[in-house]
Amino acid sequence: MNTSLILLILAIIGIAGYVTGARHAMALAGGISSKLHSRPGYYGSFVAVWAILPAAVILFVWLVASPMYISSSVRGAFPEEVKTQSQAEQGLSYGMITSIARGMNALTGDEIARVENNPVELRTALGAKGVPLAGDPQPFMVKAAADLNRMTFVSRILMTIVVLGASIGGAFVAYRQIAPRFRARNRVEKVILGSLVVASSIAILTTVGIVASMLTEAAHFFTAIPAWEFFFGTVWDPRFAAAGSGGSEGQFGLIPLLLGTLYIGFVAMLFAVPIGLFSAIYMSEYASPKVRAVAKPLLEVLAGIPTIVYGFFALTTVGPFLRDISSQLNGLVTGDYANFIQAQSVLTAGFVMGIMLIPYVSSLSDDIITAVPRALRDGSLGLGATRSETIKKVVLPAALPGIVGALLMTASRAVGETMIVVLAAGVAARLQINPFEPMTTVTVKIVNQLTGDLEFTSPQTLVAFALGITLFAITLCLNIYALYIVRKYREQYE
Amino acid sequence: MNMMSESAVEKALDQKMSDASHKMIGKDVSVYYGEKRALFDVNLNVRENTVTALIGPSGCGKSTFLRCLNRMNDTIENCRVTGKITLDADDIYDQNIDVVELRARVGMVFQKPNPFPKTIYENISYGPRIHGLSKNKADMDQIVEASLQRAGLWGEVKDRLHESGTGLSGGQQQRLCIARAIAVSPEVILMDEPCSALDPIATAKVEELIHELRANYTIVIVTHSMQQAARVSQRTAMFHLGQLVEENDTDKMFTNPDDQRTQDYIMGRFG
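Residue numbers (this note's numbering), protein chains in the order written: chain R, 1 to 494; chain D, 1 to 271.
For the record, the hints were derived by calculation from the structure and aren't laboratory data. Just so it is clear, CB atoms sit at the ideal spot from N, CA and C, and this is done for glycine as well. Treat the hints with care, since some could be wrong.
What the hints assert, rightly or not - These stretches of chain R come out as covered by chain D in the derived footprint (C-beta under 8 Å, 3 or more residues):
(1) 104-111
(2) 384-396
Claimed, not checked - Label-pair restraints from in silico Cβ distances:
(3) R:Ser201 - D:Asp141: 58 to 64 Å
(4) R:Glu189 - D:Asp264: 38 to 44 Å
(5) R:Val197 - D:Trp154: 55 to 61 Å
Given only the sequences and the hints, what does the whole structure look like? Please build it.
Right, here's the structure in full:
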């Protein structure tokens with residue numbers, strides 16, 4: 001029986017358990033549901049949970065464990081000369097065995113008998129069934145494949161029996177427990193609580209796992225390259241040389257990338273903060289509800305545009321425009337029509353990234369400004385202040401900590417942005433301060449180092465993890481600080 | 001000040017009150033929130049140097065009327081005011097009236113203390129600063145001190161003028177808000193249930209303050225407490241379902257009202 005069919009049967013047993021459980025509870029209470037401790041549905045759910053949950057856990061464990069067990073026993077039965085081969089070759093053999101096993105399932109008994117002892121014919125026969133083999137199978141493989149199929153078959157049957165048995169048994173045990181004063185509601189709610197805990201632990205554990213994997217890879221990198229060379233090096237030149245050839249280790253200086261990241265982020269914030277903040281003030285203080293209802297979603301559409309699209313925009317529109325206008329300006333002033341702004345430059349990337357960030361700034365700030373109590377505005381207006389004075393002197397100062405927090409969160413987005421920079425600022429890691437020249441960022445270099453055919457043992461690729469962990473540390477600090485500020489601000493009014 | 005002279009002052013004030021011209025005159029004032037009508041042709045005059053109490057059950061329109069007096073209703077969407085309200089014979093809903101200037105003359109204290117999240121000093125100096133009432137720092141110091149003195153808060157806060165106003169107790173915050181309103185030298189002070197968020201001791205202090213402020217200001221106060229209206233006011237106006245039921249001397253209102261509904265409300269039969 002295959003897994004989805006088992007799951008379907010589990011679901012059916014669960015539903016049946018629910019119905020009979022609920023009915024049984026009602027029957028025990030003599031049809032008066034107020035005599036029961038919990039609503040009848042809870043008794044039903046209790047039975048359903050017992051029918052499904054343990055059986056599903058067993059099913060899951062079985063599905064994970066049985067292939068492992070089968071694989072190890074098949075490998076254990078390899079002939080001695082195969083066992084002496086390297087792990088990789090044994091893996092290949094095992095792969096072929098699984099293919100043969102799969103193919104043999106598609107053959108009829110007669111065909112198997114015909115081809116069993118003739119490897120070449122077996123290969124063609126399997127090929128005809130759509131199961132290509134990498135090489136001619138050896139005799140021991142055919143036997144191993146037959147073993148594999150047999151074990152898988154037995155495992156399947158056992159699994160079906162055990163799982164369905166557990167399901168029916170669980171339902172039965174739960175059904176027997178039902179009594180009018182039985183606290184089914186509390187039990188069911190504990191299961192719900194448990195599932196909530198599991199869901200949040202998955203999220204947390206994933207974060208821990210990501211950080212741990214980055215840390216271990218970064219640690220490998222730092223065994224090859226000293227940490228101070230990475231953190232304080234001013235030259236980025238990883239040199240994709242053949243691994244092992246001496247003297248081509250490359251230089252992995254973080255400084256040009258970090259400065260590029262901060263520089264482009266700074267330029268982006270220079271565009272995004274005033275525009276975003278002003279639009280937030282307009283939206284929250286001046287716009288009539290009608291305008292706000294239309295304009296705010298429109299502004300937030302900007303946030304939904306994929307960043308790669310902003311990248312196109314930068315590459316095909318903004319970059320060339322800035323380049324042409326700079327050459328015109330230069331021509332007007334000096335008569336020399338050379339452009340002083342490169343098409344790919346810090347300015348282009350910063351400008352386009354700034355546009356991307358506007359909705360974040362305005363939406364977050366708008367929420368924060370709106371959260372300033374109306375009483376404060378009334379107090380100020382009641383003293384004869386104009387609306388503008390009220391905003392400048394009361395509302396904005398009161399909202400300032402929250403706005404700063406919002407801006408920090410926006411900044412951490414700017415630091416993590418990749419696609420716009422790839423297309424708009426280029427990939428040249430340079431240490432310079434001219435905003436009209438290309439520069440690059442940490443994220444772009446991570447992508448650069450990890451694309452292409454690379455072995456995951458050389459510093460050239462491992463550096464990506466060191467860069468990643470650095471970036472992670474920066475954005476984490478920004479976000480924690482932002483949260484700290486925002487929380488402090490909330491306390492002011494509570 | 002001994003008892004004799006205090007009662008003499010009271011007497012003088014009452015004398016002044018009875019001669020007094022009407023500081024503000026409301027004529028046929030109606031207010032609509034969108035389609036809903038909240039006030040029906042209210043005719044109510046506010047006498048100078050008098051505390052006028054507005055009473056009535058919740059939703060009767062007394063706060064709405066109060067907020068008409070300095071056009072705070074302008075800040076509410078869909079709110080429309082008809083009729084005529086004058087301040088010293090100037091129509092406050094006239095096109096030529098600057099609402100900002102009006103609010104400087106008719107100050108307001110709100111139900112919940114709402115000090116700005118700034119220092120005590122900045123809370124008081126906020127109004128004078130935006131209206132340019134002080135020439136220099138010393139001048140401003142003087143305004144701040146005088147306002148806090150009048151609000152009876154000076155003694156309690158003089159050593160911590162540069163600490164946050166939100167750190168004060170509820171009663172102190174409310175007196176800070178009154179001081180803030182006084183600082184712009186208004187002629188009329190509107191108070192919208194100024195004591196509803198305060199404990200009895202703080203309430204007593206604010207009531208005492210209202211009593212003293214009467215000498216220099218015209219005060220209109222909305223209150224839910226009959227006792228408070230009886231204690232602090234000289235004139236009382238009773239609202240019911242958006243209509244002005246009765247307006248009278250407070251003494252008469254609480255002993256022998258003209259209208260049966262007033263009688264019932266004061267006796268606690270409804271509301």
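Results for each hint:
no. : hint                            : verdict
1   : 104-111                         : violated (count 0)
2   : 384-396                         : holds (count 6)
3   : R:Ser201 - D:Asp141: 58 to 64 Å : holds (60 Å)
4   : R:Glu189 - D:Asp264: 38 to 44 Å : violated (51 Å)
5   : R:Val197 - D:Trp154: 55 to 61 Å : holds (57 Å)
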